[in-house]
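Sequences are here, hints too, so could you generate the full structure?
Chains as they are written, first to last, in our numbering: chain A, 1 to 687; chain D, 1001 to 1259.
Think of the hints as simulated: they come from the structure by calculation, not from any bench.
Take these hints with a grain of salt, some might be off.
Subject to a maximum C-alpha distance of 25 Å in a straight line, what follows is the list of computed PhoX-like cross-link-like pairs (lysine-lysine) [to be verified]:
1) A:K682 with A:K424
2) D:K1007 with D:K1223
3) A:K135 with D:K1076
4) A:K135 with D:K1223
5) A:K564 with A:K682
6) A:K564 with A:K484
Just so we're clear, the structure is a prediction, and the values are computed from it rather than from any experiment.
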Amino acid sequence: MKNVHPVLRGLLMLVVGALVGYGVGLFLDYAVQSGFFANATELRFNAPVPGLFSLLIGATMFFFGLVGYRGVTRGLVFQVVGTLAGGLLVTGIRASMGLSLWGGFLFTEPAWVLGGLVGALAFLVGVGAVTDWWKWALGEPTSEHHHDEPGFEKYFGVSLDHKVIGVQYTVVALLLISVGGLFALIFRTELAASQLQFLTTSFKLFDQNGLQMYNSLMSLHGMIMIVSILLGIAGIMNYVVPLLLGAQDMAFPRMNAFSFWIAVPAAVLLLASLFLGGFDTGWTGYPPLSARAPVGMQMFFLGVFVAGWSSILGGLNIIATSLRMRARGMIAFRMPILVWASVATSLISLTATQLIGLSFQLVMFQRLFGMGFFDPDKGGNPVLFQHLFWFYSHPAVYVFVLPGLGVISELLPVFVRKPLFGYKWVAMSSLGIALVGFMVWAHHMFTSGMNEYLRVPFMYSTLLVAVPTGVKFFSWVATIWKGKIRTPTPMLFVLGGIVVFLMGGLSGPPNATVSTDLHLHDTYFIVGHFHDTIFGGFVFPFFAAIYYWFPKATGRRMSEFWGKVHFWLMTPSFFILTLGMMRIGLLGMRRRIADYDPTMGFDFTHLILTVTGYLIGVSVLIFIINFFHSMKNGEKAEGNLWESRSPEWLVPSPMPLENYEHEFEVVGEPYDYGLAGSRYVKFANEK
Amino acid sequence: MSHTQDKSTIMRQGVLIFIYLGVLTALEFFIAIAFENVPLLVLVALVKGGLVLYYYMHVYRLNENDGSDPHSLAYKTGTNRLGLWLFLLSDAFVFGGLMVARVNLLGMTRPHLNQTLGLAVTAVLLISSFFMNRGETAMAHGDRKGFLLNTSITLVLALAFLLGVVAVEWPTASHERLTPASGVAGAVFYMMTGMHAFHVLTGVLFLIVILRNGARGVYTAEKHWAVEAAAVYWHFVDVVWIFFYPALYLIGAAIQLAA
Chain A
1 MKNVHPVLRG LLMLVVGALV GYGVGLFLDY AVQSGFFANA TELRFNAPVP GLFSLLIGAT
61 MFFFGLVGYR GVTRGLVFQV VGTLAGGLLV TGIRASMGLS LWGGFLFTEP AWVLGGLVGA
121 LAFLVGVGAV TDWWKWALGE PTSEHHHDEP GFEKYFGVSL DHKVIGVQYT VVALLLISVG
181 GLFALIFRTE LAASQLQFLT TSFKLFDQNG LQMYNSLMSL HGMIMIVSIL LGIAGIMNYV
241 VPLLLGAQDM AFPRMNAFSF WIAVPAAVLL LASLFLGGFD TGWTGYPPLS ARAPVGMQMF
301 FLGVFVAGWS SILGGLNIIA TSLRMRARGM IAFRMPILVW ASVATSLISL TATQLIGLSF
361 QLVMFQRLFG MGFFDPDKGG NPVLFQHLFW FYSHPAVYVF VLPGLGVISE LLPVFVRKPL
421 FGYKWVAMSS LGIALVGFMV WAHHMFTSGM NEYLRVPFMY STLLVAVPTG VKFFSWVATI
481 WKGKIRTPTP MLFVLGGIVV FLMGGLSGPP NATVSTDLHL HDTYFIVGHF HDTIFGGFVF
541 PFFAAIYYWF PKATGRRMSE FWGKVHFWLM TPSFFILTLG MMRIGLLGMR RRIADYDPTM
601 GFDFTHLILT VTGYLIGVSV LIFIINFFHS MKNGEKAEGN LWESRSPEWL VPSPMPLENY
661 EHEFEVVGEP YDYGLAGSRY VKFANEK
Chain D
1001 MSHTQDKSTI MRQGVLIFIY LGVLTALEFF IAIAFENVPL LVLVALVKGG LVLYYYMHVY
1061 RLNENDGSDP HSLAYKTGTN RLGLWLFLLS DAFVFGGLMV ARVNLLGMTR PHLNQTLGLA
1121 VTAVLLISSF FMNRGETAMA HGDRKGFLLN TSITLVLALA FLLGVVAVEW PTASHERLTP
1181 ASGVAGAVFY MMTGMHAFHV LTGVLFLIVI LRNGARGVYT AEKHWAVEAA AVYWHFVDVV
1241 WIFFYPALYL IGAAIQLAA
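Structural data, given as C-alpha cells:
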C-alpha cells in the first residue's frame, strides 16, 4: 500500500469502510428491530442506521487511507466513539428510569441528541483543537510559534497558521457546495416535469418516502449551502485579512483553528440528519412542524448550533485582529475595503448568531423535555420562534454578502487601474448595511400573523438597506468609468457578481413592500431573488477571490482557459435559472413543493431550470478540477501577477510561513491606481 | 498593566461598591413588594449592573493605553481583554434572547417562586463577586495568599449558589407543580435559570483552574491574565443574574398553579 497514490489509497479505504459500516449498521439495526434476536424480522437494507454507519466509517477510512491515523482521522474516530458513548449513556439512564431503550433508528431521540453533542466535542479532542488550552489549564507552557511540516498532510490536522486554516476553510466550503449542489440537482430533476417521477410514495430510503426525501434534500440544500458560505467567507477572510493588515497571524491562532475544526463535526451532524429520518421544515425549522418532525430535525438543530460557534468565534477573531494587529500607519481610513467589510460581517456573526442557536435550542428542549415555548397548548407562542430566528437569519444574508462585496471593491481598482471611487463612503457602507440589517428581520414575517402595526416600520427599514448598498454600486460604476479595463478570470467574476447582485437588489424591494409581498411570499420569486443576491454577493466574488489569490497561496495560477469556460458556462445558465424562477414565481409557483399542477403551464420553464441547474453544476465541476489540477500543474506565478498595490503582492508567492520578512508601514492611500508616484506601503528594508 | 491606585484603596472601594449593591438589592425587593413599579426595578438593575461592570469588571481597561509595541506583554493582554469582552458581548445576546422570550411569553406575570430562596441565592452570588474582586486585586499586587483565600471563598459561594438553584430551588418549584413541561412559565423559569446555571458551572471550572495554578505559583503581579479573565467572567455571570433575578422573582403578578 505504501507505493499507492494517497488519494487512491483513501478511495480504496473509503469503499472498504463504507461496506464495513453498512454491514455493522445492518447488524445493529437487525439486532434492535428483532428485540435482540428474540423475534424474527427482515433485514432493512434501506434503513437509516446502515446508511449512517456507512457514511461515518467510510469517511473515517478515507482519511485514514489519505493521511493515516492523525488529525482529522483521529477526530472522526473520536466522534463516532463519542456519539455511541453519549447515546449509550442516555440509554443507560433511561434503563434506570424504566423508559424505552431503543428507537426506530437504534437510539432514542434524547440518546441521539446527547450522542451527537458528545460526538462533536469528542471530535475536537481527537483532532487536537483543544490540546493547548488543556495544557494552559494545567499551567503547562505551549510553544508560541507553531511550525507545520511541509507537505499536504498539514492541511488534515490542527495548524495554527492562518494561511493553512484559510485553505482548510475554503476546501471544506467547496466540498459542502458540491454536496449542497448535488442535493439541489436531485430535487431539481424531480421538478423537471409535473407529477412525481422518481421521488414517489413507493420510494423508500432512510425511513423516508419520496416526498419526505424531497423535503429533506430541499431543507438540507438550504442549510448546507449556508454553512458552506460561512466557511467560504471565513476561508477568504482568514487567508487575506492578516496579509492585508501586515499581521503575522490572527489575534487568537488557537481559537482560529478551533473555529475551523468545530465546523467539521457540525457538517457531519447536518449530513446525519438526512440519514436519521430527515426532516421536512425547510432550512427555517419553524415550529410547530419542527416540534414533531423525525429525529433528523434534532441532528439538524444540533449541527447548526455547533456550526454557529465556528461563525461566532471566527467573527470575534477577525474583529480583534483588525482592531489590534494593523501595520504602522494603517489608520481606519487607510484600511483595505475588504477589512472594513470583514469587520462589519463579523460584528453580525459575533452577536446575532447566538439568536439562531437559542431559537433552535428552545425547540430542541421543547422536544426533549416538553418545555412549551412554542406550543400554544402550554401558553407558548410559535411567532416568537420566528422573531428569534430571523433576528439572526436576516442579518445572516449580510454576513454572506458583505465580504463578497468587499472583494469586489478590493479587486475592481486593480483591474481598471483607477482609484476606488468614494473610498470613505464605501468603507462606511459596509457598517451601514450591517447596522441597518439588525432592524429589518420581521419583513420575513409579513404573513405570519404578527402584530400588524409592525409591518410598515419593518418595510421602511428594509427599503433603507438599499441606500448603503446603492453607495457601493455607485462607487463600482464610477470606478469602472473610463478605466483601462482588463478582463482576466477574476475580473470576469467581479463584473458578473456586480450584475447578478444588481438583479438581486432590484428584485428585493417588491418583497420588502408589504402590499406586493403578500402576493410574492413563499413563491419561486423569493427563491429567484435570494439566489441572485447570494450568487452576486457571495458565489461570484468567492470564485473571483479564489482565482485572484490562488497564486498567492500556491505560487501557481489556475488555468485561464478553463476559468473562462467556467464563467461563460455558469453566468448565462444562472441568469436563465433565476429569471425563470422569478417568472413562474410571479405566476404563482409555490416554493418548497415536490409537485405542481400541469395545467399551470410551468412544465417547460421547470425543464429549462433543471437543464440550467445541471449546466451550473458542470461549470462548478470544471472549476473544482481546475482548482486541484492547478495546485501542482498550474503555470508558475510567483511575482505580482495582477500588478496590485496591496502589500501581499509585493512579496514573492507562495507566501512565506511568517508572512512578511520585513514589516511594512502604510504611507499612502490604498487604491490610488494610476496616480504617478503614489504608494500605499513601504517595507522596513526599503528607502 | 498599570496600577495607579494602591491596594488598600481598591479594597476599600470594593467594600463600598458591595455595600451599594446590597442596599440596592434590598431596595429592589422593597420596591417589588411595595409598589410593583417596573421601570424603577429596571433602573435599579441597570445601576447595579453598571456598578459591577465598572468597578468589578473594570470595563474601562479596554480603553487603557497599552503601548505601541505589539510584541509586549501589555499589548497582548490588551488584545486578550478585547477578545474576552467581545465574547461576553456575544454571550449577552443569548441572555438577551431569553429575556425577550420571557417578556413575550409571560408579559406582566411571573412564576410563583420561593422569595426567601431567591433573595438568598442572589445575596450569595453578590457576596461571591465581592470576594472575587478582592482575590483579583490581591493577585494584581502580588499577594498570593490573599488571592488564594478570597478565591477559595468565591468558589465555595459559587458552589452554594449552584446547589441553591439546582438542588434546592428546582425541587422546591417542581414540588409546587412548576416543572419544565407544566406550562410556559415553567419552561421559561427552568430555561433561564438552567442557562445561567450552566454559565455558573463553567465559571466554577475556571475558578478551580486559577486556584490550582495559583497555588502552584504560576501567576505573578505582572502576569496573571487567567485570573483577570476568570474574575471578569465570574462578574459577568453575576451581572446576568442581576437582570434575571427581578425578571423571574420580582416583576409581574405571580401565577398560582392550580392544584
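Now the hints, each set against the structure:
For the given pair, K682 (chain A) sits about 22 Å from K424 (chain A) by alpha-carbon distance, which is consistent with the 25 Å threshold. Under the criterion of a C-alpha separation no larger than 25 Å, the hint pairing K1007 (chain D) with K1223 (chain D) is consistent with the structure, at around 17 Å. Taking the CA atoms of K135 (chain A) and K1076 (chain D), the gap is about 19 Å. The hint holds against a cut of 25 Å. This hinted pair checks out: K135 (chain A) and K1223 (chain D) have alpha carbons roughly 17 Å apart, not beyond 25 Å.
A C-alpha spacing of about 35 Å is found between K564 (chain A) and K682 (chain A), which places the hinted pair above 25 Å, so the restraint is violated. With a C-alpha separation of about 20 Å, the suggested pair K564 (chain A) and K484 (chain A) falls inside the 25 Å cut-off, and the hint holds.
Hint check: a violation occurs at hint 5 only; the rest are consistent with the structure.
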